[in-house]
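Number of protein chains: 4
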Amino acid sequence: MIVVLKNGVSEEKRAQLIDWLGEQGVKVHISQGEFQTVLGLIGDTTRVDMDLLGSLSIVDSVKRVTEPFKCCSRKFHPEDTVVDVSGVKIGGGNFVMIAGPCSVESEEQIVGIARAVKASGAQLLRGGAFKPRTSPYDFQGLAATGLELLRVARRETGLPIVTEIMGTSALDLFQDVDMIQVGARNMQNFDLLKELGRLRKPILLKRGLANTLKELLMSAEYIMAGGNERVVLCERGIRTFDDYTRNTLDLAAVPMLHELTHLPVIVDPSHATGLARMVRPMGLAATACGADGLIIEVHNDPLHALCDGAQSLRPEEYEKLADEVRRIREVAVR
Amino acid sequence: MIVVLKNGVSEEKRAQLIDWLGEQGVKVHISQGEFQTVLGLIGDTTRVDMDLLGSLSIVDSVKRVTEPFKCCSRKFHPEDTVVDVSGVKIGGGNFVMIAGPCSVESEEQIVGIARAVKASGAQLLRGGAFKPRTSPYDFQGLAATGLELLRVARRETGLPIVTEIMGTSALDLFQDVDMIQVGARNMQNFDLLKELGRLRKPILLKRGLANTLKELLMSAEYIMAGGNERVVLCERGIRTFDDYTRNTLDLAAVPMLHELTHLPVIVDPSHATGLARMVRPMGLAATACGADGLIIEVHNDPLHALCDGAQSLRPEEYEKLADEVRRIREVAVR
Amino acid sequence: MIVVLKNGVSEEKRAQLIDWLGEQGVKVHISQGEFQTVLGLIGDTTRVDMDLLGSLSIVDSVKRVTEPFKCCSRKFHPEDTVVDVSGVKIGGGNFVMIAGPCSVESEEQIVGIARAVKASGAQLLRGGAFKPRTSPYDFQGLAATGLELLRVARRETGLPIVTEIMGTSALDLFQDVDMIQVGARNMQNFDLLKELGRLRKPILLKRGLANTLKELLMSAEYIMAGGNERVVLCERGIRTFDDYTRNTLDLAAVPMLHELTHLPVIVDPSHATGLARMVRPMGLAATACGADGLIIEVHNDPLHALCDGAQSLRPEEYEKLADEVRRIREVAVR
Amino acid sequence: MIVVLKNGVSEEKRAQLIDWLGEQGVKVHISQGEFQTVLGLIGDTTRVDMDLLGSLSIVDSVKRVTEPFKCCSRKFHPEDTVVDVSGVKIGGGNFVMIAGPCSVESEEQIVGIARAVKASGAQLLRGGAFKPRTSPYDFQGLAATGLELLRVARRETGLPIVTEIMGTSALDLFQDVDMIQVGARNMQNFDLLKELGRLRKPILLKRGLANTLKELLMSAEYIMAGGNERVVLCERGIRTFDDYTRNTLDLAAVPMLHELTHLPVIVDPSHATGLARMVRPMGLAATACGADGLIIEVHNDPLHALCDGAQSLRPEEYEKLADEVRRIREVAVR
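Protein chains in written order, with my numbering: chain A, 520 to 853; chain B, 520 to 853; chain C, 520 to 853; chain D, 520 to 853.
Note that these hints are calculated values from the structure, not bench results.
Some hints could be false.
Note that identical chains are pooled: a pair holds if it fits in a single copy or bridges any two copies.
Taking lysine-lysine pairs in the DSS-like style, the calculated list, with each CA pair at most 27 Å apart, reads [as the list claims (entries may be wrong)]:
| # | residue 1 | residue 2 |
| --- | --- | --- |
| 1 | K532 | K637 |
| 2 | K546 | K525 |
| 3 | K608 | K637 |
| 4 | K589 | K525 |
| 5 | K594 | K720 |
| 6 | K582 | K839 |
| 7 | K720 | K532 |
| 8 | K546 | K637 |
| 9 | K594 | K525 |
| 10 | K532 | K594 |
| 11 | K525 | K637 |
| 12 | K713 | K608 |
| 13 | K608 | K839 |
| 14 | K720 | K546 |
| 15 | K582 | K525 |
| 16 | K525 | K720 |
| 17 | K733 | K582 |
| 18 | K713 | K589 |
| 19 | K839 | K589 |
| 20 | K608 | K582 |
| 21 | K582 | K594 |
| 22 | K582 | K546 |
| 23 | K532 | K582 |
It should be emphasised that the depicted structure is a prediction, and the values quoted were computed from it without experimental measurement.
Extracted from the complex, chain A is given alone in its bound form:
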């Protein structure tokens, strides 16, 4: 950590600050420049309160030199992590296609869609049993029944299942799920992240609507610090002033996350745009900039879907897209 002092700070005040820093357990290296004094803090700076330091009247600014994340940083782990979801590999050159309906609605629906997306090349089946809805009056998902129907669809098709958890109280119900999804609104539900860190099960962690990449990585760090290193990150759009699409898909996050971390990064073009007709172009774009996979909503009857029908592809549209994705990868991956 580097602390830049303001000009004209007295010797006495400077000495007081260095004493206080010593109390925090760090050593201080003083660099006296022509125009400014810079303190380099050496040792375990994680305990030093950067904001407090920056607010002191004699301090001009503070800068952390080392990243606060260890487990997920590529600096300490240069090789790509490959996450294995019941035999399906993600990352390190393995591209994953995840597909399925927003919500599980009935056995007929989920099994039918599972068969269709499998035929089109999907490797994992998604489907919501617990739904985070802005309004308490909207459909909240089939809950335990929905999880049971997902298991039926898995038995029928062999596709491992991915589904969202809403809180720690439902953890027992998720023991037989292949990959647990943490939704955007729960990205900083730290209690939940800690519990997931105790599992040894793949986690799909979605970026929050207004969270920085660093915060996304810190949330991955919560899971990994608990011992569960099987984390896949997902960009799904952030909130901006723009209102033509539901969210703003931040695709530059994909190559940037690949620099910062060894974890796989996939993209959800369905939730990012909220519009079925935008899923193809944004899915291809995500592939072209190096995503490790796509999670896409597919529904056999979007008009009658209980939620998010507006953003669902029909199976035949999905099949065509899956083929184009493969061809884009032949050009983009090197």
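Chain A is already provided as a structure; the job is to place chains B, C and D on it using the hints.
Then chains B, C and D, alone, in the frame of chain A:
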């Protein structure tokens, strides 16, 4: 709900849409204008998927006419709600001063600060026992011990206590807390909101970093729909591109929320700005635009605070501010 | 335009409003629903002040049914516009590669880069002579000399030139430029837009840092309403809370603009990210989602570039990218 | 400027970088820490391209130590600047009330409103003759005639006039205006700023919709670097995801700007909120956090105003507000 059709839609397509709307249980009133056709949907439109409707090729746009919130809307409940927290009234002309440290650190600390803020006019004591921290390596709070120390401070001073809950698993520990705070990152932790709806205890609901006022009200609605109507809203800054302050305090939210809802609205200038020297001007501004109270961080020794020392006032600064707030209210409240 | 009245509005107030609307020159069609009254305004509603209407105490909300843009709307002009820049076609299936340095620095530099990018397949040469810099102390461009050097490079290579104008006072100097660029910060410099509308010369209009797609189209409308229909739109990143890249490239704007307008849409991955190593992935992504071209900064010696060296590709990197772009288009364009 | 190198950089690469920095005219002070190497750049670093430096493969990060603004920085000019507008003082304890209609519409209108606001305590008259409108089809202002009517109103009432300029071509028409306003959309119209720097006339500089405080100060610096030091800053709301108010009024900008600069800072609650009923609360809040003045839209007949009627106060509302503002100042100013 109003549906505007695109120009040149065929009779047949229009009839199909109206049939489909009928299946959803709503009646349709057709208004044929010179330039466009507008459908007015009558009945229970909460089950109609607005996004799906808007995505249909024959639909130009969709508009919800009635607000999706009922319990918290001022339309259905014109009188201000007054929330009673163990004898301290908030709203309807009752202004509340909540103060205390970011984190409970020790008995000496919390009792000392409680005495100081009470002497300066604070009516409720705040203090964190469970802390939501971006990094898993930062101080996470004293947990159950922290709650116990808050109870000690309450016994010593008579101040009711407000403290943050992080998830449903800790609910039992909060039975003796006077007011439960839901932090910004948990504003859309719907599992938690539903559980709090089952209590009959005041809830302090903070606005999320990138949440609209409507979403804040929908989260209040989750609690109220469960039967717990004792909700106080809190503006604490939103996330923007600006980086001189930690967040951007959106004070226009105060009068706007007062229009939309009968619930009390308070402001947290400490977390909004992250800087102790900004707490006074923003606290006065919040008072001037009609807030029903202020929640402010106060610490007897900010330099040694375990978290958020940068934004804490010292007790003597708080006392002075409390006095100015009273005088601002004499001008602003009418 | 549709006006939804609040519940319980008196006959008298409603009659007053309808009278006032009549004064504005529009006819009113009343639709009396079970729960609300909706007024449909018929005629020339461009003169009606939507914000004022929405602020009236008896009005619940107002919605514009027809788009306020005419010239650039695809509704009134379904075919793609093809803009011809001195023989180079953009749009309607014609993909354009624009390349060159951020700033013109010397004859040797601009001619050398022009030759290199032409050899790699670029069709238009970009280069700044007038530079919009946040600080008055930064390099402001070579001005008239820079324009002269661009003409030299055009003579040497045959590449038409694209360069940015900063205000109306320099218009005379731009008579011999092939395509005039309006930068993001000038997107709503309406005086400039009006002057450009009087020309019969292609305009490259960049989206502002915090402008909606509708505002971008309204700025194009300023130019087109003046009679100059040769406008190309450019997405170059918007400003969000994220700080890992300079701006957030909003690629979903590409397919969305293609829906809304018949004008060509190109993408600038260099300014959007500010990082040379992000130009390839984001350039490929832009191509994959259907952009009509890419404008990319190329410099033979990025380390010594006078501005924006951090985001410049070297010619050999550009050549490789140009080849990949062609192959992505074979998959993505249908 | 401080440059932090990545770990494990070779001696040779480091030497190359230091040589290159030498070419840029700065001296380098090397600070070798246990975990990282930090270079302190000494001398005129304004010519060093921070972004380029930060993008080099051996560099971890770069930090500017000295602010890039000189003229407007409080560091170099600790005393408040007082700007005199034809006898009306702004800043340094002098609070200014500016009022008038959005647009000048007729002699009767502007003279009538000028008399009314003067009677209520306004010291400067505002009114738009050139209007920046998003749509080319909206009312664009009376132009030269509007300026003439403002002069008539000034003659009748003695109130100095403030009005907005849209570009350099109209400069001659503004010679007799007391204070020239630069609107939000022109905050980074650098050509215009440079021209205004050549005048010796007070400038009212509004913050752009998505501009940081630093960018606002750099735009003031453009004017001041030209020799015109009579600049007043104006916060008028920024653009966020929130849609209940037109913009988000960032009141914390007021005390923060007062720290950073010696220039006066006023607030425009009318444009920030777009709603007349929000002007009072936000005007009082702006006063409470230390603004040096308020610019407020007042219209004698808001229903018939040609633009922005929704946000105009009636004269009697303004008078009441002016009185409350004075009383808030008695509490807030110390």
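Evaluated hints:
In this homomeric assembly, K532 and K637 never come within 27 Å of each other (Cα to Cα): the closest approach is 68 Å inside a single copy and 33 Å across copies. In this assembly of identical chains, the alpha carbons of K546 and K525 lie at most 27 Å apart whether taken from the same copy (20 Å) or from different copies (20 Å). For the identical chains of this complex, K608 and K637 are intra-copy neighbours only, at 16 Å inside a copy versus 42 Å across copies, given an alpha-carbon limit of 27 Å. Within a single copy, K589 and K525 get their C-alpha atoms only as close as 31 Å, which misses the 27 Å cut-off; across copies the closest is 16 Å, which meets it.
Only within a single protomer do K594 and K720 lie at most 27 Å apart by alpha-carbon distance; the minimum there is 24 Å, versus 48 Å between protomers. In this homomeric assembly, K582 and K839 never come within 27 Å of each other (Cα to Cα): the closest approach is 49 Å inside a single copy and 33 Å across copies. Within a single copy, K720 and K532 get their C-alpha atoms no closer than 52 Å, and across copies no closer than 43 Å, so neither meets the 27 Å cut-off. Taking identical chains as interchangeable, the C-alpha atoms of K546 and K637 are never at most 27 Å apart, the minima being 58 Å within one chain and 39 Å between chains.
Taking the closest pair of Cα atoms, K594 and K525 come within 27 Å of each other only across two copies (10 Å); inside a single copy the shortest separation is 32 Å, beyond that limit. Only between protomers do K532 and K594 lie at most 27 Å apart by alpha-carbon distance; the minimum there is 19 Å, versus 37 Å within a single protomer. When the C-alpha separation of K525 and K637 is checked against a cutoff of 27 Å, the pair qualifies neither within a copy, at 63 Å, nor between copies, at 37 Å. When the C-alpha separation of K713 and K608 is checked against a cutoff of 27 Å, the pair qualifies only within one copy, where the shortest distance is 24 Å, while the shortest distance between copies is 37 Å.
For the identical chains of this complex, K608 and K839 are intra-copy neighbours only, at 22 Å inside a copy versus 30 Å across copies, given an alpha-carbon limit of 27 Å. In the homo-oligomer, the alpha carbons of K720 and K546 never lie at most 27 Å apart, since the shortest distance is 40 Å inside one protomer and 48 Å across protomers. For the identical chains of this complex, K582 and K525 are neighbours both inside a copy (14 Å) and across copies (14 Å), given an alpha-carbon limit of 27 Å. For a Cα distance limit of 27 Å, the shortest separation of K525 from K720 qualifies neither inside one copy, at 49 Å, nor across copies, at 34 Å.
In the homo-oligomer, the alpha carbons of K733 and K582 lie at most 27 Å apart both inside one protomer (15 Å) and across protomers (19 Å), since each shortest distance falls under that limit. With identical chains, the CA atoms of K713 and K589 are at most 27 Å apart within one copy only, with a shortest distance of 16 Å there and 35 Å across copies. When the C-alpha separation of K839 and K589 is checked against a cutoff of 27 Å, the pair qualifies neither within a copy, at 40 Å, nor between copies, at 35 Å. In the homo-oligomer, the alpha carbons of K608 and K582 never lie at most 27 Å apart, since the shortest distance is 38 Å inside one protomer and 40 Å across protomers.
In this assembly of identical chains, K582 and K594 lie within 27 Å of each other by CA distance both inside one copy and across copies; the values are 19 Å within and 21 Å between. For the identical chains of this complex, K582 and K546 are neighbours both inside a copy (16 Å) and across copies (22 Å), given an alpha-carbon limit of 27 Å. Taking the closest pair of Cα atoms, K532 and K582 come within 27 Å of each other both inside a single copy (20 Å) and across two copies (24 Å).
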